[in-house]
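Number of protein chains: 2
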Amino acid sequence: MFRTHTCGELRLSDAGKEVTLAGWVQRIRDKGSLVWIDLRDRYGITQLFLQEGTGDPKLMEQARSFGREFVIQVKGTVIERESKNPNMPTGEIELRVSHFTLLNVSKTPPFTIEDMSDGGDDLRMKYRYLDLRRNPVRSNIELRHRMAMLVRNYMSDHDFLEIETPMLIKSTPEGARDFVVPSRMNPGEFYALPQSPQQYKQLLMVAGMDRYFQIVRCFRDEDLRADRQPEFTQIDCEMSFVEQDDVLDMFEGLTKHLFKEVKGLSFDNFPRMTWHDAMKYYGSDKPDIRFGMKFVELNEVAQGKGFGLFDNAELVVGICAEGCSEYTRKQLDALTEFVKRPQVGAGGMVYIKYNSDGTFKSSVDKFFSPDDLKRMAEKFNAKPGDLMLILCGEAMKTRKQLNELRLEMGNQLGLRKPDEYAPLWVIDFPLLEWDEETQRFYAMHHPFTAPNPEDEALIDDPSKWGDIRANAYDIVMNGVEVGGGSIRIHNRDLQNKMFHALGFTDEKAQEQFGFLMGAFEYGAPPHAGLAFGFDRLCSLFGGCETIRDFIAFPKNNSGRDVMSGSPSPIAQEQLDELQITLNVKS
Amino acid sequence: MFRTHTCGELRLSDAGKEVTLAGWVQRIRDKGSLVWIDLRDRYGITQLFLQEGTGDPKLMEQARSFGREFVIQVKGTVIERESKNPNMPTGEIELRVSHFTLLNVSKTPPFTIEDMSDGGDDLRMKYRYLDLRRNPVRSNIELRHRMAMLVRNYMSDHDFLEIETPMLIKSTPEGARDFVVPSRMNPGEFYALPQSPQQYKQLLMVAGMDRYFQIVRCFRDEDLRADRQPEFTQIDCEMSFVEQDDVLDMFEGLTKHLFKEVKGLSFDNFPRMTWHDAMKYYGSDKPDIRFGMKFVELNEVAQGKGFGLFDNAELVVGICAEGCSEYTRKQLDALTEFVKRPQVGAGGMVYIKYNSDGTFKSSVDKFFSPDDLKRMAEKFNAKPGDLMLILCGEAMKTRKQLNELRLEMGNQLGLRKPDEYAPLWVIDFPLLEWDEETQRFYAMHHPFTAPNPEDEALIDDPSKWGDIRANAYDIVMNGVEVGGGSIRIHNRDLQNKMFHALGFTDEKAQEQFGFLMGAFEYGAPPHAGLAFGFDRLCSLFGGCETIRDFIAFPKNNSGRDVMSGSPSPIAQEQLDELQITLNVKS
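Just so you know, the sequences run in chain order Y and C.
Everything in the first sequence is counted per this note's numbering, starting at 1 for the first residue and increasing by one.
Everything in the second sequence is counted per this note's numbering, starting at 1 for the first residue and increasing by one.
Because the hints were derived from the structure by calculation, they are not lab data.
Keep in mind that a hint or two might mislead.
Identical chains blur together in the list; that is why a pair holds if it fits in one copy or across any two.
Straight line, CA to CA, 16 Å or less: simulated EDC-like cross-link-like pairs of lysine to aspartate or glutamate [stated by the list, open to error]: (1) K286 x E404; (2) K107 x D493; (3) K126 x E521; (4) K400 x D285; (5) K107 x E521; (6) K383 x E322.
Because the structure is a prediction, the values reported are computed rather than measured.
Build out the structure end to end from the sequences listed, making use of the hints.
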């Protein structure tokens with residue numbers, strides 16, 4: 001071993017000990033006759049101390065030859081510091097150096113290895129191995145490890161078995177795009193990389209495994225939006241002989257356990273909200289309920305007053321921003337600009353100020369009397385000093401627009417605190433979604449999702465297909481979907497009806513899901529599952545926005561690893577062996 | 001929840017309780033007025049009991065309608081059994097049924113779901129989800145889960161971080177064949193699936209992560225020998241600032257922990273054997289030391305007696321099989337046939353029987369006097385009643401042949417007991433291996449393996465390259481290599497010399513290992529690593545021969561999953577998007 005201690009563990013109680021440390025030179029301070037070196041490893045920083053005239057005179061010379069990020073081994077005596085640093089765990093001691101061994105040199109790093117680095121995103125990605133040396137990045141990776149351990153032990157303690165499912169599986173053209181892998185042993189044939197182990201975990205239930213989980217890599221060949229990765233990690237789970245409450249209780253328990261262990265936070269039972277209510281009151285299937293500003297529908301009081309925009313709208317709906325009646329013209333214009341951006345897409349915004357003196361001022365004073373405005377204010381439960389913001393139009397579109405405005409107001413008012421957590425279950429999603437373009441229904445979740453038992457009979461009536469609620473659930477946190485799942489269909493009859501509603505012919509269903517459907521004929525138990533996005537969950541617990549910060553070696557938005565230069569061309573010999581030819585349009 | 005208890009948990013102390021169970025119908029015994037059903041789930045079997053004339057008369061009818069593997073829910077009262085079964089944990093009770101719910105029907109399974117199934121290998125692979133219902137297969141999967149949990153907790157307790165490395169990486173033409181993945185977003189370019197996270201784990205050491213591990217899927221596109229899988233799982237580890245003893249101690253600790261927890265076995269320190277001794281005394285770099293029969297070299301006593309085969313041989317070497325002097329002519333002929341098989345390749349075998357009366361009988365009596373034979377027997381430390389078996393020829397070839405004979409004798413004599421474990425470290429492997437065909441040296445381990453410090457200077461003398469010992473180690477158990485690793489080169493100069501010895505031009509080294517070599521310029525610490533074959537480790541702990549039994553969904557020898565029918569052709573549209581064309585020679 002190159003060390004007796006790590007750079008994070010020596011304390012005042014170790015004073016007088018002869019120790020050996022190894023690590024990286026973080027910083028050298030040279031005051032002429034005195035030199036200090038900060039020596040860093042994963043566990044912390046220990047200050048090394050050299051004084052001219054004491055000890056081997058060569059030591060000082062050696063110390064001055066070290067550059068940033070040199071790797072050194074150092075022997076010395078632990079001594080009490082003259083000026084202590086209460087901000088670091090080793091801040092009461094330093095090491096009086098008696099011997100140096102240079103283990104490796106380093107070129108000058110392209111950016112500083114400090115909490116606030118001077119390196120831009122691209123540079124830090126190219127030298128990811130140096131970026132990972134920085135505390136904030138390292139601590140993200142440590143958090144991820146800790147969370148994975150907590151999840152695994154919790155699941156195992158609850159009788160879940162972690163079972164590894166294959167990575168080289170069968171490609172299914174439906175759904176998102178697969179990454180495929182040509183098979184050399186079976187020329188002309190391909191494996192696919194799993195988008196999720198969905199079918200395998202259901203097979204494991206058929207196999208009687210009862211409770212399965214896996215922290216597993218998944219792959220999706222999509223055009224990458226910001227903060228999407230072609231490979232990502234799921235906490236994937238499935239359980240048999242359960243109903244919705246059992247699944248929600250189980251994974252609520254897991255989530256609470258993580259909050260308790262990682263953040264020291266305790267929670268009451270997570271609220272459960274229907275998808276219908278989530279859309280009605282928040283305009284989103286993943287509402288951020290860290291703050292209020294629930295939607296208030298105003299058709300009743302806002303229509304019939306001669307304001308054409310409201311009168312002709314399917315829905316007039318607004319939010320009330322507490323204490324914002326003093327918003328300036330400029331602020332209100334900026335909000336109007338915000339909702340009119342193409343990403344939001346509203347035509348405009350109406351505001352009503354409920355001034356502190358009890359009077360009203362609105363952008364529609366021409367159409368609404370103070371009494372009209374008062375009635376609206378009552379709908380909002382508004383008080384003097386509040387600001388009401390109103391949108392109108394087609395119901396679903398307007399809700400989604402108002403959701404954006406609500407989140408923007410939450411941001412502006414500092415109501416979306418990264419260290420506050422508001423978990424929520426969203427349940428009763430629609431089972432089937434109508435697609436105008438292809439004129440057919442699609443499974444909102446996937447084709448094995450069971451309907452809410454109360455709605456099961458509706459599947460026999462095509463005119464009701466849009467009304468069927470799924471026995472599906474999402475776990476949402478701070479406006480982010482962190483997981484979701486459903487009760488699965490285990491009954492062959494119901495599954496056939498579902499395929500029928502999705503417009504699958506028997507042949508197509510057989511081709512795509514044949515082996516799973518075949519398995520279901522041999523005694524499939526009632527079962528259900530859920531999957532968490534692990535990268536996302538880590539980023540939420542880490543209080544960060546981007547999942548990339550929680551992945552050791554992420555790819556950029558073109559799916560490229562700029563550090564290793566992958567993907568890359570391969571040798572002609574490799575192509576020949578696979579019996580494929582490139583056909584790239586230049 | 002569909003149940004109040006599992007089928008494995010009810011005991012006599014539960015008698016009188018009203019409970020609900022759910023599971024699969026394992027067996028129905030119909031004795032006319034009495035019917036018993038064995039209900040099975042992952043946790044065990046509970047006997048259900050029905051008696052004509054008691055309870056709802058429809059129950060009996062329902063029970064008789066159930067077939068094997070039907071999924072049912074049953075309510076009833078726990079009662080004490082008349083005839084108890086001490087062989088099952090629930091054997092003291094049965095459930096007097098008050099209500100049945102049929103949850104799902106089942107077609108008759110293609111083979112029996114029993115410990116000893118009547119299904120052949122192929123059938124059981126096709127219906128793997130049914131095979132997994134059988135106790136022996138299920139318990140293998142449970143063992144694997146348990147071992148993974150033990151490994152993770154042990155490693156985490158020793159400050160190792162589990163860090164996920166990418167699955168879509170850069171292809172390197174050297175070494176085994178990569179599986180490749182065409183990149184749609186970067187047409188004409190490919191990712192590779194990792195053969196191991198070797199380069200990433202070394203980068204993590206450069207990144208200062210200090211201690212890394214990962215239970216990780218790896219991929220190798222090789223022509224599959226029996227019991228090889230195209231995807232397999234490794235316990236992959238790397239640590240910084242360590243020397244060989246530190247690594248061996250760490251992973252010996254892990255292995256002992258597994259033995260203790262899983263098998264209740266304690267071990268002294270594992271023996272350490274040099275590669276040279278392993279070859280000299282066992283003819284194998286993975287000797288099975290559960291039994292003796294160490295090789296004895298006989299040149300000194302066997303040559304110069306006029307027996308040409310011996311006299312002209314580079315090596316005369318044998319083993320002594322205790323108590324086997326009574327082997328018949330037929331048995332000895334069979335052994336001769338065994339060594340002459342092309343897989344072994346010996347020209348013949350010489351035997352010397354040391355009869356219980358103290359006389360000798362050998363196949364070379366013509367050339368050797370009783371005194372000569374006695375001198376040989378002394379070399380073997382043989383006693384009356386023993387049998388000596390001798391091969392001769394070119395040294396390395398003969399040793400490998402004798403290794404096969406030794407293992408065969410171990411099998412014949414029942415010395416290779418699956419429930420006995422003999423772990424062993426093999427150290428000091430050669431660093432470089434000469435390849436006659438390509439007339440160059442290859443890295444026996446990989447190009448980053450450091451030489452044994454005592455041999456480091458030899459790298460400057462090409463004539464000594466074959467003599468350099470690597471700072472590399474394998475962990476061997478019962479004649480199987482379960483893991484291996486090495487101290488890595490962290491010094492750029494030494495690495496360049498190594499590349500030179502391997503015949504890499506600077507350009508080629510740069511092209512293949514450029515980003516890792518680049519990273520090493522920024523302060524790479526001394527580091528070392530090891531990887532266990534997890535599938536193999538599980539199979540050893542499970543006392544089984546084949547790793548396939550410890551993989552939930554394995555592939556066959558053509559890399560095919562016969563259950564799902566993967567690999568398979570993909571849609572033309574998928575090929576078009578990837579801008580590749582099939583070019584299959586029919």
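So, going through the hints one by one against the coordinates:
1. K286 x E404: within (12 Å within a copy, 65 Å between copies)
2. K107 x D493: Between copies only: 15 Å across chains, 68 Å inside a chain, cut-off 16 Å.
3. K126 x E521: Result: close only across copies, 14 Å inter versus 52 Å intra.
4. K400 x D285: So K400 and D285 pass the 16 Å test inside one copy only (10 Å; across, 67 Å).
5. K107 x E521: between (64 Å within a copy, 6 Å between copies)
6. K383 x E322: within (8 Å within a copy, 99 Å between copies)
Checked against the numbered hints listed earlier, the structure breaks none of them; every hint is satisfied.
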